Amino acid sequence: MCKCKFSYKTSTSNLKKHINKRHPTITLKSTITASESDTHIYRSKTDNGESMESAVDNHPSTSKQTQIACQANAPIRITQTKVDSFSNILQTKISARQKNKIDRKLLYLCVKDLQPFSIVADTGFREFVAALNPSYQLPERRIISKTLIPALYEECLTNTKNLISTGKTFCVTTDGWTSTNNTNTSYVAVTAHFLNKEFNLISVLLECSAFEKGHTAENLAAFLLKAATKWDIQDKIVFAVSDNAANIQKALQLVRWKNMGCVAHTLNLIVKDGLKNERITLILEKVREIVRYFKKSTISNNKLLRYQENTGIETPLKVILDVATRWNSTYYMLERFIRLEEAIKSTVAIIDKELPVINVEEWNIIKELCLVLKPFEDASRALSGDTY
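In terms of the UniProt record's numbering, the sequence shown opens at residue 1 and continues consecutively.
Simulated from the structure, these hints should not be mistaken for laboratory data. Small disclaimer: the values here were computed from a predicted structure and weren't measured. Using N, Cα and C, we set each Cβ at its ideal position, and we do this for glycine too. Be careful, since some hints might not be right.
[As the list claims (entries may be wrong)] Keeping only pairs whose Cα atoms sit at most 25 Å apart, straight-line, the calculated DSS-like set for lysine-lysine is: (1) K374 / K318; (2) K112 / K93; (3) K105 / K93; (4) K213 / K197; (5) K250 / K230; (6) K161 / K112; (7) K168 / K197; (8) K99 / K17; (9) K286 / K272; (10) K230 / K197; (11) K226 / K258; (12) K197 / K250; (13) K318 / K295; (14) K353 / K286; (15) K272 / K367.
[Claimed, not checked] Ranges between beta-carbon positions, derived for each pair: (16) A121 / R279: 53 to 63 Å; (17) D273 / K318: 22 to 32 Å; (18) W177 / E155: 26 to 36 Å; (19) N162 / K367: 45 to 55 Å; (20) L383 / S179: 20 to 30 Å; (21) K161 / N302: 51 to 61 Å; (22) R126 / L355: 44 to 54 Å; (23) S165 / K93: 36 to 46 Å; (24) A121 / P375: 43 to 53 Å; (25) E309 / G261: 39 to 49 Å; (26) L383 / V111: 20 to 30 Å; (27) K105 / K161: 19 to 29 Å.
Please build the complete structure, drawing on both the sequences and the hints.
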């Protein structure tokens, strides 16, 4: 090693730069075993290949300046003014590439988990990030919304266009729905499907936006054609799938796309028609009234949960209320109702509320109804996926 001498007052920057530049083979090994021990070991190799260790003592010095000598055949002993000096000099700033990688993970957090951009200003989150990597500086909320997200959007848009450009022919699916909040906003979505060279099914959401116009066939046709033209696939669509509503069926005829009603939606219509049986309708209304009461009454619901806990159930279940537009939610309601049969019977018996009485025969009908609906539920679940 060299015989250079360095002086320092408050830091060891000169020593660190010298070691990194002139002696890159030297690595730092901590030998601190207690608060009294403050020694580090440098390991390196001499010109003849022999291993050499140099000790570094970090105990405070009484002198303002300490001369440091690097000698070839003797241990190097360094006395420092601070115990954590070497931890400070080893802490380096992250590269631009590393920061960009972490920034993208932050954007993924916001986009994937629907986290607000303001999370970067939250004290707890900032401390959490600092604990993971003190060198990383979180971007400001304004930078995220004005710079990072728009840049990521453009990148995603370009990649998606390139992906779609590889498709030769497409099938599109479309559906509409209304939000359940107070705005009652209507939405329409269009998804394109195609096979890549490896014969894998690729699905890309082309459009999902609020639909403020009337749901006429003409307006829907204009919306569909605009979405297809935006992605330059209007002449490559060979088939379209939608529900069986008259307006969307006519809209597909107007844009001259061959179409077929959704099988899952057809199953939904079949089952809903079957549930219109008068006897079944009366039983379902009884079940719904009981379920609504438990969902409305916190006290009664707690009694229902407590009964399950007292019978050894580790994870008590709550009742489920169905949705009128989805028959499978009726199946889920009845299936849960059967699982909670004993708990419901026992709880209803002790609460001060007149609720419908479900007799033994009606309980049997509910159980048989679930057996009939189960295959339809399995089929609907399979058909509702995008990998069948």
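Against the structure, the hints:
1. K374 / K318: holds, 20 Å
2. K112 / K93: Distance of about 28 Å is beyond 25 Å: violated.
3. K105 / K93: holds, 19 Å
4. K213 / K197: Cα-Cα ~39 Å, so violated.
5. K250 / K230: holds, 22 Å
6. K161 / K112: Between K161 and K112 the Cα gap is close to 21 Å, so the pair holds against 25 Å.
7. K168 / K197: holds, 10 Å
8. K99 / K17: At roughly 24 Å apart (the allowed maximum being 25 Å), K17 and K99 satisfy the hint.
9. K286 / K272: holds, 18 Å
10. K230 / K197: holds, 24 Å
11. K226 / K258: With Cα atoms ~17 Å apart, K226 and K258 stay inside 25 Å; holds.
12. K197 / K250: The hint is violated at about 34 Å.
13. K318 / K295: holds, 8 Å
14. K353 / K286: Holds. K353 to K286 sits at ~14 Å (cutoff 25 Å).
15. K272 / K367: holds, 18 Å
16. A121 / R279: 53 to 63 Å: holds, 59 Å
17. D273 / K318: 22 to 32 Å: Roughly 30 Å apart at Cβ, these two residues keep to the hinted range, so it holds.
18. W177 / E155: 26 to 36 Å: Once the Cβ atoms are compared, 29 Å apart, the range 26 to 36 Å for E155 and W177 holds.
19. N162 / K367: 45 to 55 Å: holds, 54 Å
20. L383 / S179: 20 to 30 Å: The hint (20 to 30 Å, Cβ to Cβ) holds, given that L383 and S179 are roughly 25 Å apart.
21. K161 / N302: 51 to 61 Å: For K161 and N302 the Cβ distance comes to about 54 Å; the hint holds.
22. R126 / L355: 44 to 54 Å: holds, 51 Å
23. S165 / K93: 36 to 46 Å: Distance hint for S165, K93 holds at roughly 40 Å.
24. A121 / P375: 43 to 53 Å: holds, 52 Å
25. E309 / G261: 39 to 49 Å: holds, 47 Å
26. L383 / V111: 20 to 30 Å: holds, 29 Å
27. K105 / K161: 19 to 29 Å: The hinted range 19 to 29 Å holds for K105 and K161, with Cβ atoms some 24 Å apart.
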